[in-house]
Amino acid sequence: MADDVWILGIHMTKFGKHPTLDTIDLAAEATRGALSDGGVTMKDMGLIASGNLLAGGHVGQTLQKAIGQTGIPVINVANACATGATALKVCVMALRSGEADMALAVGVEKLAGAGLLSGGSRADDGGSWTPEGRYGAVTAVDGRIGTATMPGVFAQIGMEYGHRYGGTSFELFAQISEKNHAHSTLNPLAAYSKRFTLDEIMNDVMIAYPNTRPMCSANCDGAAAAVLVTGAKLKTLSLEQQRRAVKVAASVLTTDPWEEGCQVLPNVNTLTKAAASQAYEAAGIGPDDLDLVELHDCFATAELVHYDNLGLCEEGGAPDLFRSGATWRDGRIPVNVSGGLESKGHPISATGIANVWEIATHLRGEAGPRQIDGARVGLAHVIGLGSACGVHVLERSAA
Amino acid sequence: MSSQIPMVDYLRLGDDPRLVAHECEQCHARYFDHRIACAACEGESFRDVEVDPTGEVKAFTIVSLAAPGIPVPFVAALIDCDGTSVQANLVDVEADPEHVTLGMKVALTTYSLGTDDQGVEAIGFGFAPVP
Ligand SMILES: [Zn+2]
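Chains A and B, in that order, give the protein sequences.
The first sequence finishes on residue 398 if you use numbering that gives the first Met the number 0, and the numbering steps up by one all the way, no holes.
The second sequence finishes on residue 130 if you use numbering that gives the first Met the number 0, and the numbering steps up by one all the way, no holes.
Please keep in mind that the hints were generated in silico from the structure rather than gathered at the bench.
A quick note: this is a predicted structure, and the numbers were derived from the prediction, not measured.
Fair warning: there could be bad hints in the mix.
[Claimed, not checked] Where chain A lies over chain B, by a calculated footprint (3+ residues, C-beta under 8 Å):
(1) 3-14
(2) 41-53
(3) 86-92
For each residue, glycine too, the CB sits at the ideal point set by N, CA and C.
All chains, please: the whole structure from these sequences, using the hints.
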């Protein structure tokens with residue numbers, strides 16, 4: 000049987016605007032932080048998995064040149080908003096296979112000031128109508144045949160849930176955003192930590208109904224990194240390192256299986272349900288065992304559907320779960336106590352490691368004023384359109 | 000005689016415009032893009048089938064921020080056309096949540112996107128509410 004994998008050290012930078020730090024500066028800060036947190040150095044690493052989307056294809060090697068060139072293999076990964084989780088998964092696979100006994104996952108993005116992230120469109124070049132591409136389109140179709148912009152896609156995903164099960168409303172989606180912004184006031188690393196009233200959220204600029212601006216994830220800069228270690232190697236380290244280590248009880252990556260309509264509106268449900276059930280089985284737990292969850296609230300409409308996809312409620316029960324107060328930080332199953340992507344921010348490739356950092360910090364009892372008391376087990380979820388879903392279940396060390 | 004070209008090749012023009020899907024002969028999965036194989040069953044044979052021109056809105060959003068040249072706000076919708084999911088803009092309707100509702104009945108319609116240097120008119124499609 001494959002060895003257990005543990006998080007030995009983990010770190011996230013402050014998320015927000017970092018005009019004087021470039022991609023490598025941020026990745027280096029996160030990496031140095033994770034190494035220091037774990038009491039190890041680059042010389043101890045057997046592999047680096049480096050996630051980034053916007054700074055070219057080899058951030059991992061450039062990072063080595065900044066902080067430590069030891070000749071180890073680097074795998075640069077890109078998997079949309081699941082890039083950080085994918086870097087973690089690559090490390091987990093390397094450790095379980097015996098290729099290495101310690102590995103570094105890092106995710107970094109410079110996104111402050113980026114505008115609307117579109118699903119892609121093509122400019123009209125005048126002259127004559129000429130069919131191009133897989134649909135023989137004579138013009139840019141984004142905005143003419145529905146929308147491929149992220150706020151619009153995720154708005155429809157929330158609305159589709161409402162059509163199927165009922166119980167949703169503009170106000171309900173806005174209340175989810177109200178919760179996450181309220182949570183963010185306790186997180187000093189969040190890009191935004193301002194509380195909004197429900198009225199302020201509902202009357203802010205409408206981006207794609209029912210998502211107003213504060214209901215959308217915040218583009219910002221940031222990085223996060225983690226040092227992973229095998230259980231066997233961990234036993235050779237100090238008692239203090241063993242005490243603070245966090246067990247990776249499940250590390251799951253899925254894509255969307257074919258289902259009617261999945262190539263028309265991206266389906267974020269099938270693959271999240273599959274990832275969650277595989278993760279619960281691997282960890283030998285159920286959703287009722289979770290003490291906290293960080294899930295991918297790229298938009299307020301998305302958080303709602305993932306309550307259901309992660310099994311936090313019965314099928315169709317997400318509006319009732321939210322209205323019961325269960326997902327507030329003092330509720331039965333706190334969700335996004337970090338403030339979530341709507342306030343903490345969403346530097347894409349960093350997100351899938353930063354949410355693991357949040358869970359790990361609570362499990363270690365080091366979350367300060369926002370600590371969820373007695374947290375023993377937590378789940379971190381990300382999803383990237385295309386689609387890729389990453390779910391990690393983490394457990395506090397018994398040591 | 001002026002000629003016309005559809006905005007996308009899966010829109011078939013004529014007196015009764017229709018969306019035409021490529022349907023897998025083996026498992027009946029439907030696609031709107033060029034296909035080499037079926038993502039559901041890996042079959043390699045497809046036939047063209049007309050999609051029901053009427054349907055029901057199963058999701059929508061009202062987009063207020065879009066690429067240059069796209070008038071806003073507009074309504075983007077996911078429409079269930081008798082079991083086939085179609086993405087389209089809703090047209091001939093006020094773009095606000097009082098006039099657009101989940102479950103509303105809609106039907107395919109076409110409109111002009113303009114004429115190019117050679118006098119060819121491009122025709123787009125949308126779905127409009129049915130009374
Ligand atoms: Zn097929």
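These are the hints, each one checked on the structure:
Judged by the Cβ-Cβ criterion of 8 Å, the stretch 3-14 of chain B is covered by chain A as claimed, because 6 of its residues qualify and three suffice. Residues of the stretch 41-53 of chain B lying with their CB closer than 8 Å to a CB of chain A number 0, which falls below the three-residue condition for coverage. Counting residues of the stretch 86-92 of chain B whose beta carbon lies closer than 8 Å to any beta carbon of chain A gives 3, which meets the minimum of three for the stated coverage.
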